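Visitor: Construct the complete structure from the given sequences, taking the supplied hints into account.
There are 2 protein chains.
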Amino acid sequence: MATRKAPRRTAQRILESSLALFNRFGEPGVSTNAIAADMGISPGNLYYHFPAKDDLVNALFLQYEQALQPILDAADAVTNVEDAWFFLHSLFEANWQYRFVFRNLNELLSRNRHLEARVREWMDALGRSMNALLSTMQSHRALLAPPLGWDTVGTSMVVVQVYWLSYEYVRDPRKALEEDNAQNAALRSAAHVLSLLAPYATSGQQAHLRHLIDAYGVRQAEAQANAAA
Amino acid sequence: MATRKAPRRTAQRILESSLALFNRFGEPGVSTNAIAADMGISPGNLYYHFPAKDDLVNALFLQYEQALQPILDAADAVTNVEDAWFFLHSLFEANWQYRFVFRNLNELLSRNRHLEARVREWMDALGRSMNALLSTMQSHRALLAPPLGWDTVGTSMVVVQVYWLSYEYVRDPRKALEEDNAQNAALRSAAHVLSLLAPYATSGQQAHLRHLIDAYGVRQAEAQANAAA
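Protein chains in written order, with UniProt numbering: chain Z, 1 to 229; chain P, 1 to 229.
By construction, these hints were calculated from the structure, which means they are not laboratory data. Fair warning: this is a prediction, and the values are worked out from it, not measured in the lab. Take these hints with a grain of salt, some might be off.
Just so you know, same-sequence chains aren't split out, so a pair can sit in one copy or run between any two.
[Claimed, not checked] Distance condition first, Cα-Cα at most 20 Å in a straight line; then the derived SDA-like pairs of lysine to any residue:
no., residue 1, residue 2
1, K53, N112
2, K175, E121
3, K175, L109
4, K175, H114
5, K175, D124
6, K175, A20
7, K53, G29
8, K175, Y216
9, K175, R120
10, K175, R111
11, K175, M123
12, K53, T10
13, K175, E116
14, K53, P28
15, K175, A117
16, K53, A11
17, K53, R13
18, K175, R118
19, K53, Y98
20, K175, W122
21, K53, D38
Guide: Here it is as structure tokens:
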């Protein structure tokens, strides 16, 4: 039995190494030979498990989707601002684990047709979960109905959530995707998507929402002060 | 005099051809040799004007910034919803002319250090103009003060505006950046950024805002009906 499991473990190890290298250097900057060298295995061994680099990317995207699904499924249990904060933070943590996707999403798509349809489905699933969250919060009287319906609010939440890491990367290409930045990036991302709900929050939820977003504001001010010092 | 102007005209023609090819096929997919072949000039002639492909990209980004500047400068003359719509539409039209930047922004940055600082300044300029627009609209009683200040609203407007084309590209990689889509893409982009103002619009502005965004909604419904037919 042990020998039959060995290839599977190798495949999993290859995925873990690939993910770490893609996240650190960007997917276009990492060849399959570099992954094999990093792991101390032969290129032929890697090729046996993943004949093309796209196979690695597709397998990692599948892992990401599997990590995301239970979070998205919880969207219609979000009844208040505190739940929404936790939900958005969890979403962002899954994104962070697979941040190479968010650094080069459109470039990945331009080279990988298989991913094209999958990414569209993923965007649609994100949109549906945002709409579920918004209407559940409204039915629990945490949000007031918006003047134009929830669709455009939900789409903005998707765009800000999906492109937040790209935005941070543009603002600071050397540091934005470094491991040390994970916690602050998660706070900023969750606070920012949450801020899109601020104008709709009912009076009972406003103070708590402001508190959550101010906590992020304080951290941001601290970071700016540190940068200036 | 005519002979002295010739190189300048060639340089300008090279930029125009590059822009058209980059927009159509994406910057990574177009080599300087392909640009020279498309124009019917020798690679050496192109190289004489632009020794590296990054020189072309940088010159085009400078053109984009120059096209954008007079629009951004008009942000503090935006006093109502109609002005805001026109402003956002104009911004989007400049983005559309240089849409190759928006398809591969982060990949461009990862290969071009000169662009890194320029893009950061551009993002900051966008943020300042959004804040100018928001506070001018508030001082003209077109918007109510938001619960959390304008900064997070302004940042969301920047993120949605900058990444809207990326989002459309992900949703439909084959058609999103085609010339035929320009008008609808401009409407969707402007409507979407404008929708972020909806919860703050004063009662006198609400109906007009709704009208502008509904016009976009009708078009979207039509597009979906056409796609289903």
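Visitor: All hints, please: hold or fail.
Guide: Verification of the hints:
1. Taking CA atoms no more than 20 Å apart as the test, K53 paired with N112 passes inside one copy only; the shortest distance there is 10 Å, against 24 Å between copies.
2. For a Cα distance limit of 20 Å, the shortest separation of K175 from E121 across copies, 17 Å, qualifies, whereas the shortest one inside one copy, 30 Å, does not.
3. Taking CA atoms no more than 20 Å apart as the test, K175 paired with L109 passes between copies only; the shortest distance there is 13 Å, against 25 Å inside one copy.
4. In this assembly of identical chains, the alpha carbons of K175 and H114 lie at most 20 Å apart only when taken from different copies (17 Å versus 31 Å within one copy).
5. Within a single copy, K175 and D124 get their C-alpha atoms only as close as 30 Å, which misses the 20 Å cut-off; across copies the closest is 18 Å, which meets it.
6. In the homo-oligomer, the alpha carbons of K175 and A20 lie at most 20 Å apart inside one protomer (16 Å), although the nearest pairing across protomers, at 33 Å, exceeds that limit.
7. In this homomeric assembly, K53 and G29 come within 20 Å of each other (Cα to Cα) both inside a single copy, at 12 Å, and across copies, at 19 Å.
8. Proximity of K175 to Y216 under the C-alpha cut-off of 20 Å is restricted to the intra-copy arrangement: shortest distance 19 Å within a copy versus 39 Å between copies.
9. In the homo-oligomer, the alpha carbons of K175 and R120 lie at most 20 Å apart only across protomers (14 Å), although the nearest pairing inside one protomer, at 29 Å, exceeds that limit.
10. Proximity of K175 to R111 under the C-alpha cut-off of 20 Å is restricted to the inter-copy arrangement: shortest distance 16 Å between copies versus 26 Å within a copy.
11. In this homomeric assembly, K175 and M123 come within 20 Å of each other (Cα to Cα) only across copies, at 17 Å, whereas the closest approach inside a single copy is 27 Å.
12. Only within a single protomer do K53 and T10 lie at most 20 Å apart by alpha-carbon distance; the minimum there is 16 Å, versus 40 Å between protomers.
13. Taking the closest pair of Cα atoms, K175 and E116 come within 20 Å of each other only across two copies (13 Å); inside a single copy the shortest separation is 29 Å, beyond that limit.
14. In this assembly of identical chains, the alpha carbons of K53 and P28 lie at most 20 Å apart whether taken from the same copy (10 Å) or from different copies (18 Å).
15. Proximity of K175 to A117 under the C-alpha cut-off of 20 Å is restricted to the inter-copy arrangement: shortest distance 14 Å between copies versus 31 Å within a copy.
16. In this assembly of identical chains, K53 and A11 lie within 20 Å of each other by CA distance solely inside one copy; the values are 13 Å within and 39 Å between copies.
17. In this homomeric assembly, K53 and R13 come within 20 Å of each other (Cα to Cα) only inside a single copy, at 15 Å, whereas the closest approach across copies is 38 Å.
18. In this assembly of identical chains, the alpha carbons of K175 and R118 lie at most 20 Å apart only when taken from different copies (17 Å versus 29 Å within one copy).
19. With identical chains, the CA atoms of K53 and Y98 are at most 20 Å apart within one copy only, with a shortest distance of 16 Å there and 31 Å across copies.
20. In the homo-oligomer, the alpha carbons of K175 and W122 lie at most 20 Å apart only across protomers (19 Å), although the nearest pairing inside one protomer, at 27 Å, exceeds that limit.
21. Taking the shortest alpha-carbon separations for K53 and D38, only the intra-copy value of 15 Å comes in at or below 20 Å, while the best inter-copy value is 32 Å.
Checked against the numbered hints given earlier, this structure breaks none of them.
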